[in-house]
Amino acid sequence: MNRNITKWIISLLCLTFLLLITIVISLSVGSVQVPVERILEIICNDKSSIEYNIIFNLRLPRIILGLAVGGSLSLAGLILQGLFRNPLVEPYTLGISGGAALAVSLDLVLRLNNIWSIFTLPVAGFIGSMSVILLIYIISLKGGILRMQTLLLTGVMISFISSSIIMLIMTITKTEELHSLIFWITGTLQETNWTIVKVVFTLSIFGLITSYFFCHDLNALLLGEEGARSLGINVERSKKLLFIIASVLTGISVSFCGIIGFVGLIVPHILRNVIGVDHRILLMSSFLTGALFLVICDTLSRTIISPLELPVGVITGIIGGVFFISLAARKDLVGY
Amino acid sequence: MLEIEELTCGYNTGFFLRDINLKIRKEEIVGVIGPNGSGKTTLLKVITRALKPTKGRIILNGKNLWQIPIRELFKKIAIVSQDTNIRSIVTEDYVLLGRIPHFNSFQLIETKKDFEIAERSMFLTDTLRLRRKFIDKISGGERQLVFIARALAQEPELLLLDEPTAYLDIRYQVKILDLLKSLNRELGITVIIVMHDLNLASEYCDRLVLLSEGRLYKVGMPIEVLTYEIIEEVYKTVVIVKENPLSKKPYVFLVSEDMRRL
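Chains A and B are the protein sequences, given in the same order. Going by the numbering used here, the first sequence wraps up at 1653, each residue one higher than the last. Going by the numbering used here, the second sequence wraps up at 246, each residue one higher than the last.
Hints listed in this document are in silico derivations from the structure and should not be mistaken for laboratory results. Watch out, some of these pointers could steer you wrong.
[What the hints assert, rightly or not] For the chain B half of the interface with chain A, some residues (derived, Cβ under 8 angstroms), not all of them: (1) Thr32; (2) Asp77; (3) Ile93; (4) Tyr235.
No residue lacks a Cβ here, since even glycine has one placed at the ideal position from N, Cα and C.
Just chain A, same shape as in the assembly (with noise of 0.2 angstroms):
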């Protein structure tokens, strides 16, 4: 018997835990405040009454969202950090959210979405993103190899020139457009459309069900390329493979919940130094911790000031960072 499963369980449970705690807190408070209680009640024998619409129509599509994105990053952040061997690398690192920033903000000034209403914001942050993707893994991509430096410092180059871009039609913009662009640029939650968040919810769920088609290559790339390739590992094949399912969770997170900072970085980083670098658990205990994160921060985020709502990305930055700090302070920190 694995000395760690019993860990491991112990550690996936207090997590789901942790989540339906919060997922109930979430649904209850806010500008008006739904006893515990009566949630069931409500849900179940009170369709018609406000607090029914509250919770069910605007609460739970955002909370179910702040789970598939929270959980979508730092399962992405994990992937990354373990394909590139670096602790600093996040799923913004690459250019995808360069890309997709970039996109609405052409949309955004050209009005696109008044030519083809197909052009929602979404739609053009996904274009965005998956052009950017597409452009680096070509790029990278020598003779049937995937470059991994190269892919680093081109999304890093492609980062760049994206927010340059950016800057440049900022100071051009009129103010209300100015207004749209960094209310998505800094990253919400606030989706009501239930299609919308059924599908993103499902792809997230699907991504963290492929990433454990490659566990062991993950676990094997921790001795570098070349050792995971005397373990048996098609190396090439899973790196590509891994670069896509990253980049794909990052680009629909980011095409529908703008720039939400922080949680693909520290999450994968602080459970490598509570749980250990094996990617059998890291995977699931990523995916449940930044889903966890998320949704508080999202809590808050609209409760602090309420009636007004803070952009939850601010929320994730600092407090992800003043816990990161803390925690950095008191141990040396497990890096790659």
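Position chain B relative to chain A; hints supplied.
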């Protein structure tokens, strides 16, 4: 067990191994020696499929190396390279990574057998006492033993090592080579070791393969390869070769410039 036929290969930078013909017999210990840049590590890379030959072929147990599925290949061969990728991982978990080639397609966790084999590998390498320690917190010699334990967990028929005694004190040099010898004698594992230390190579290897500038210069028993004429020709330095009084194997003494003047 391993036949290398007319092998030529290299990197973009132009370094090549040329026209290598070599047969490694089952259950022997072969030392690969040669000056820096002579192609020793390249030879290991091509045997472990990290580098594709441009010409020639390698046959492992009668099958072309490049036609064996990669997982199957690394159930048969294991490599201990000069590993600089030290991660913060518990020693036992590190050794268990060696079981990865043996996992079934959908196997998520190790079976009882995997644990038994990992434990036996750690027992053989005298590393059981380190099983709960982090691999970056143990000494260089202990770490090398753990690397060998990980390779043994792959249950290989052929074990390749790239300078396993580099940077180690004499106690660990002897300990590691004694271990390899006993693995060879008791478990019948064929061993190929890339080495710089000619005296250790002479002492422990059944046969030596001397490479020079990417070509096979000489293959044979230590007494055939380690003569002062050959060493001076290949290494471009002056040496004296004597016989080790105990083992009767050749022993190479280095000669400094001051001594050469005398």
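Here's how the hints hold up against the structure:
no.	hint	verdict
1	Thr32	holds (6 angstroms)
2	Asp77	holds (7 angstroms)
3	Ile93	holds (6 angstroms)
4	Tyr235	violated (34 angstroms)
Violated hint for the displayed structure: number 4, the only one.
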